[in-house]
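Colleague: Sequence:
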Amino acid sequence: MDNKYQEASALEFKDDGLFKISTKYVRYEDDFTEKIHTFRDVENDIWEIYSDGCKKIIVFKKYKTNIKNLIKLTAINILTNLSSSTLVNYIHGFLKVFSEQEIIDIIKNKEKILYNWEIYKSNKINSFTISTILPALNFLKNILIYLSVNNLLRWNKNDIENISNLKRFKINKYTKIKSGDCFLNTEEEAKILNYISKVSNYENLTSKDLDEYCVLILFYQFGVRPKQVGMLKLYDLKTYKINKYDETLHVKFQKIKQRHTMNAIPLVRKIKTEWIVFFKEKIRKTDKHGNYYFFSNNKNDIREILRKVTIKILGYPINANIFRHSVAQRLVESGANLDEVSSFLGHTYSKSALVYFQVSAQTGVLINKALGISNIYSKISKITHGDFISIEELNNLNTEKYIESYPHGIAISGIGGCDLKQNLCKKNPVFSCYGCDKFLPLNDKSVHENVLENLRSIIKKFKDSSLSETHSPAYMQLKSLIFNIESLIHEIEEKK
75 MDNKYQEASA
85 LEFKDDGLFK
95 ISTKYVRYED
105 DFTEKIHTFR
115 DVENDIWEIY
125 SDGCKKIIVF
135 KKYKTNIKNL
145 IKLTAINILT
155 NLSSSTLVNY
165 IHGFLKVFSE
175 QEIIDIIKNK
185 EKILYNWEIY
195 KSNKINSFTI
205 STILPALNFL
215 KNILIYLSVN
225 NLLRWNKNDI
235 ENISNLKRFK
245 INKYTKIKSG
255 DCFLNTEEEA
265 KILNYISKVS
275 NYENLTSKDL
285 DEYCVLILFY
295 QFGVRPKQVG
305 MLKLYDLKTY
315 KINKYDETLH
325 VKFQKIKQRH
335 TMNAIPLVRK
345 IKTEWIVFFK
355 EKIRKTDKHG
365 NYYFFSNNKN
375 DIREILRKVT
385 IKILGYPINA
395 NIFRHSVAQR
405 LVESGANLDE
415 VSSFLGHTYS
425 KSALVYFQVS
435 AQTGVLINKA
445 LGISNIYSKI
455 SKITHGDFIS
465 IEELNNLNTE
475 KYIESYPHGI
485 AISGIGGCDL
495 KQNLCKKNPV
505 FSCYGCDKFL
515 PLNDKSVHEN
525 VLENLRSIIK
535 KFKDSSLSET
545 HSPAYMQLKS
555 LIFNIESLIH
565 EIEEKK
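In terms of my numbering, the sequence shown opens at residue 75 and continues consecutively.
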């Protein structure tokens, strides 16, 4: 009985009319560029599809029987009902994993594949990586659903639910989050903030420089995805006057990776006040004629910009996921609730953000992190500064080069000098000095330790008064400053 059925099935796959492609062209949208494309080479074995702003190639030449048309029909279904990026992701994995004979065997043995799915998956993991198998299995399930919907080859509509319930690999997506390996450490954050804050002459920045600064700021402040940054258009950035002197800049990101398109409500975020100038300068230098996008309309270009600028700052690349996880953890540590974190990240379901609360340390440990006294965060590296000076050199400094200020009402002076002169510096004294290459620190550990203790008392006030205040730029600036002072003290100790 089985042999007769298998012989019949083999003949069916050679039937040219079984999976006939009737459509001559396919219209689809690249959701990245929001452009409608028409694909007219359906019968060709090489497809050119636009996905995420790029032309992608799909090659079907490895399949010889009518299975090729079945795969194409499934691909057309995904292209028109899901997205071009989903198709490219699924089918590239599928083409690597499944041979023609293997697909035929799966289709012929419905009961076997449905009831032995777990065993089948386990066999595959020995030959391919998870990142290749997962999209391949998704495409395979789409093939089986296509057969069931159209009542082909013993597959029928009663099988759809069983196919949908076939589970993928159980992957702990949050392993790196729970281990803490996917967050920016204090040193990295300090270097990034110092890199942004040390710019004084914005007019001299090139278009390439501005791209790097703006991309870095968007990832650091908002934890967005490369695709969201690449999709930004000029009209997505709006400047609003608060009063005669102050203004605010809002950026509108598109929600992506939503399970339902109706959930794709744009995310509006406000750029940190002192960073607005980078975006205004980029807008000013952008050719408005025919330039629709704020950056390049290609998410791979955005990834490359981020990779290069982080290598420039840290000596190694940091990807968008690290920034995204770090933003989420900063929110949790600052006292944000589950809904606030989910909303900020653009999650449809709040449970997706639960992991950040599960790995968040106890309040006491968080305070220690902010104070710079936790063993966990004790990694120290040298910060940028000019030459050390003695107390005699400090006393002989010109008044304009002598640093003094009153951050949060605390008088701080005698920490060193400024090689630029304070009246020419556009930065905030004390806050910006530690980590600045124009700073001439006093070679006296006790002076900097005294500053450190004063700032720690301010941090404690933030924590004691209200956790919500730790969202503020002032609090984040204090954390960065404390790290820089600790680094300087450590450097003085090493010199002795």
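There may be inaccurate statements among the hints.
Listed next, the in silico SDA-like pairs over lysine to any residue satisfying Cα-Cα at most 20 Å (straight line) [what the hints assert, rightly or not]:
no.	residue 1	residue 2
1	Lys344	Phe327
2	Lys94	Thr107
3	Lys307	Lys94
4	Lys94	Asn140
None of these hints come from the bench; they were simulated from the model.
Colleague: Now look at each hint and say whether the structure bears it out.
Modeller: Okay, the hints, checked on the actual structure:
no.: 1; hint: Lys344 / Phe327; verdict: 11 Å, holds
no.: 2; hint: Lys94 / Thr107; verdict: 32 Å, violated
no.: 3; hint: Lys307 / Lys94; verdict: 41 Å, violated
no.: 4; hint: Lys94 / Asn140; verdict: 9 Å, holds
Violated hints, in rising order: 2 and 3; the structure is consistent with all others.
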